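Dock chain B against the given chain A, drawing on the hints supplied.
2 protein chains.
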Amino acid sequence: MKTEDVNEEDMLAPAMAKRFIEAVETEDLEVIKEILSNAEADDQRRFVGMLGGKERDHLCSVLTTEEAAHLLGNMAEAQAVDMLEDMPADRAAHVLEELGADLSGDLLRELDEESSEAILAEFDDAENCEEVRERASYEWDSAGGLMSDHVVSFRQIATVEDVLKELGDHAEDYSDDEVQYFYVVDGEHKLKGVLALRNLVLGKRSKQIGDLMIPDPATVNVEDDLEELQDAFERKKYLAFPVVDAEGRLKGIVTRDAMQEALSDAQTDRYLKASGIVGGEELRSMPLKERCIRRLAWLGPNILLNLLAASIIASYEDTLQAVIALAVFLPMVSDMSGCSGNQAVAVSIRELTLGIIQPRDYIRVLFKEIWLGLNNGIVLGVVLGTLAAVWKDNIYLGLVVGGALMLNTILSVAIGGLVPLLLKKFKVDPALASGPILTTVTDMSGFFLVLSLANLAMGQLV
Amino acid sequence: MKTEDVNEEDMLAPAMAKRFIEAVETEDLEVIKEILSNAEADDQRRFVGMLGGKERDHLCSVLTTEEAAHLLGNMAEAQAVDMLEDMPADRAAHVLEELGADLSGDLLRELDEESSEAILAEFDDAENCEEVRERASYEWDSAGGLMSDHVVSFRQIATVEDVLKELGDHAEDYSDDEVQYFYVVDGEHKLKGVLALRNLVLGKRSKQIGDLMIPDPATVNVEDDLEELQDAFERKKYLAFPVVDAEGRLKGIVTRDAMQEALSDAQTDRYLKASGIVGGEELRSMPLKERCIRRLAWLGPNILLNLLAASIIASYEDTLQAVIALAVFLPMVSDMSGCSGNQAVAVSIRELTLGIIQPRDYIRVLFKEIWLGLNNGIVLGVVLGTLAAVWKDNIYLGLVVGGALMLNTILSVAIGGLVPLLLKKFKVDPALASGPILTTVTDMSGFFLVLSLANLAMGQLV
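Going line by line, the protein sequences match chains A and B.
Per the numbering used here, the very first residue in the first sequence carries number 1; after that it's consecutive.
Per the numbering used here, the very first residue in the second sequence carries number 1; after that it's consecutive.
Next comes chain A alone, as it looks inside the complex (with noise of 0.2 angstroms):
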């Protein structure tokens, strides 16, 4: 790309996205279908996402089912299910039917049941519909959920005069098709082989396919999940294997592209969770009691650990009533600890996504993180204490302060450090669950450190 092109861009987008809205506005269809089909598909979510609800349903409505899911396909993924959930059901599905079964699939996936059994209901093509069905079964991050079901595959008694003449006949339907291998399959389309282009190209025409292929090729199984598809790709170096059910059967290939950008998904996905964005994406254009709902559900039960912390201070109601400058530094102990517990968090997720620990290596976790909290937590615990200590020209609050910082700071990153593991082996998401719980117990024990330690200093602090 030129920068001049990205600098023009940048100069025609407001203007195009305003001219946009405006036409929407007035409903003139002919400037809508000029923009869209003027605009780059990242202007194109950009568009979409500046209108409001009913604009946007409006707009899908004068849109061909063609034009629509055209337009669908160009979004992200969390647009494109809330424009499918806002279409009448018929609508989405002629739509659906369009965009092809593995996009379709996808986005089945994410609405609930009911929305979605309404609009395969009303799939015209039965057999489509099952495909859809089938692809919206499997896991987002599974083989089954990231696969393509552009493959070629013939019978094996087939001969290498069958198989050119299949694909000279029919080169349009295999455009789409990776053709560099194709796939062996027995009578009940299971996986017996893979051939490439160029032997079946220099094989006897007489030949059958089944005599020229690499028999029991590597395979992955439609339920792995995304950790098993990074081993398996890591273990060989190719650019797709082929996808597999129980039985053996081919179901599709999964690309080392398709895996590349599931992970970066997951990824996504553990930043979002990490802050607060529970229950599935949030985009701005949803409507606002969802938005709502969906980050309450996160900070109702925040509410609740917030207050199993505070119920700490409540208890020393009387210590702080006699020195009231410790109410300046209980938010500032359990925020520090907080911060510190968090770098120790993020380490072990980063550790266990590479598989450089595992939950087994607890204990060298623990240690580790231990050694680093106290030496960290000198040093804190230090600077914060002697703040305390000039402030109040007295010796004893900077020593109640700086020791509740430095053991409050070995106290959290050895926890920070062990959450993620002991999450990940009882299954349950990490990054979802590592923050509130590292928070609730480090503001817990920093409150009770500072106010019990006070307590045993009372005689010298007033």
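Derived by calculation from the structure, the hints in this document are not laboratory data.
Please note that the accuracy of each hint is not assured.
Short, incomplete list of chain B residues facing chain A, as computed with Cβ under 8 angstroms [stated by the list, open to error]:
hint: 1; residue: Met50
hint: 2; residue: Asp257
hint: 3; residue: Arg291
hint: 4; residue: Leu380
Quick list of in silico lysine-lysine cross-link-like pairs, DSS-like style, CA-CA up to 25 angstroms [stated by the list, open to error]:
hint: 5; chain 1: B; residue 1: Lys425; chain 2: A; residue 2: Lys18
hint: 6; chain 1: B; residue 1: Lys427; chain 2: B; residue 2: Lys273
hint: 7; chain 1: A; residue 1: Lys424; chain 2: B; residue 2: Lys273
hint: 8; chain 1: B; residue 1: Lys207; chain 2: B; residue 2: Lys190
hint: 9; chain 1: B; residue 1: Lys165; chain 2: B; residue 2: Lys204
hint: 10; chain 1: B; residue 1: Lys190; chain 2: A; residue 2: Lys18
hint: 11; chain 1: A; residue 1: Lys237; chain 2: B; residue 2: Lys237
hint: 12; chain 1: B; residue 1: Lys237; chain 2: A; residue 2: Lys33
hint: 13; chain 1: B; residue 1: Lys236; chain 2: A; residue 2: Lys33
hint: 14; chain 1: B; residue 1: Lys165; chain 2: B; residue 2: Lys273
hint: 15; chain 1: B; residue 1: Lys289; chain 2: B; residue 2: Lys273
On a predicted model such as this, the values are computed, not experimentally measured, just so you know.
Idealized CB from N, CA, C, for every residue including glycine.
For chain B alone, kept in the frame of chain A given last:
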């Protein structure tokens, strides 16, 4: 992969890990080599991760250059960089020469200038050295940093005959290369066109390939960043783009696969930065001192920001003294608002990544977030306010606490939604700076709101 395989590995790994560490401790070279050569790449990463710095250096020193290069190639990048740093410069140079220019450049890029130059000075092959230096000079997430040099090009004046002869005579030299497409260059290695293998094979033997090629192919520039690459791959459904420099000379190809992997790494980077792991990935096998300093580099500024926020509490000591119950609610209000604001940060960063919003959309974002903040603020404020009122049997305490949480929720989601847009506009990494800015502002405003509202209602609170 079959499930039984995975289970078997799971059982084998601990025994292998134990034997591995023993072998390194007793310097049992045979056992070390045997275990490493039988282990999968992820087990290798885990085994090496278990070693202390001294043991790891010893391991590197007993392997042959080829073995060390192979091991390094299987490590996570952060591990490989770490191992390289600890090798003598001449040893490191030989290992890198074994690894190939692409991977070597990627590793050297992460070293400091001095170590990197020391290693480059020990390269045996001057041409190889220049290639590695050039690779290391590109940003890791630019086309130049992601491209592969496994690309086959021919002069446009070559005939089909010449090319076929060259390919036939040196077949083994091209076995690693992507040979579905050949690139056609002029005498100055400027890219002129692209030639599909099938067109070459079907072409008249005496024809110059300049006449068979597709001229002026789409390209990317070595300096193009990840966002530009993403756009390019979205615009065209290619599996790879040729990469050219400013003069149009062919430098390599960048595959869709490599772009996806980089995206996934960028997401990881964002997550780590948002969690306070800055200045590069941390592994627990790194020296304690380095890990402490890196983590403190993030915690240090944080302690200052925390002090700033706490100073608000300090200036209201009299209010707190009068109504000690407020101390219980200060951390709750600031923490809850922080959580709400973080959700808005995550949604903004996500929408920026997807291209649904741009920095110039700040008014729409602000409006949407204020509206949501009002809703969630009322819900959370009523809950916390009711609890406070019931606990101390004082409706005014409830009004103060609930009101402060409501107002601070609106403020924090508005700021949380905006900050990533502003940081992006001013070219600061939103993942790095959004969190601390948000936390400091919402802590300060939360403390201020609780304490100043309490001041106003003081007559009713005591």
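Checking each numbered hint in turn, tell me which of them this model violates, lowest number first. 10, 14
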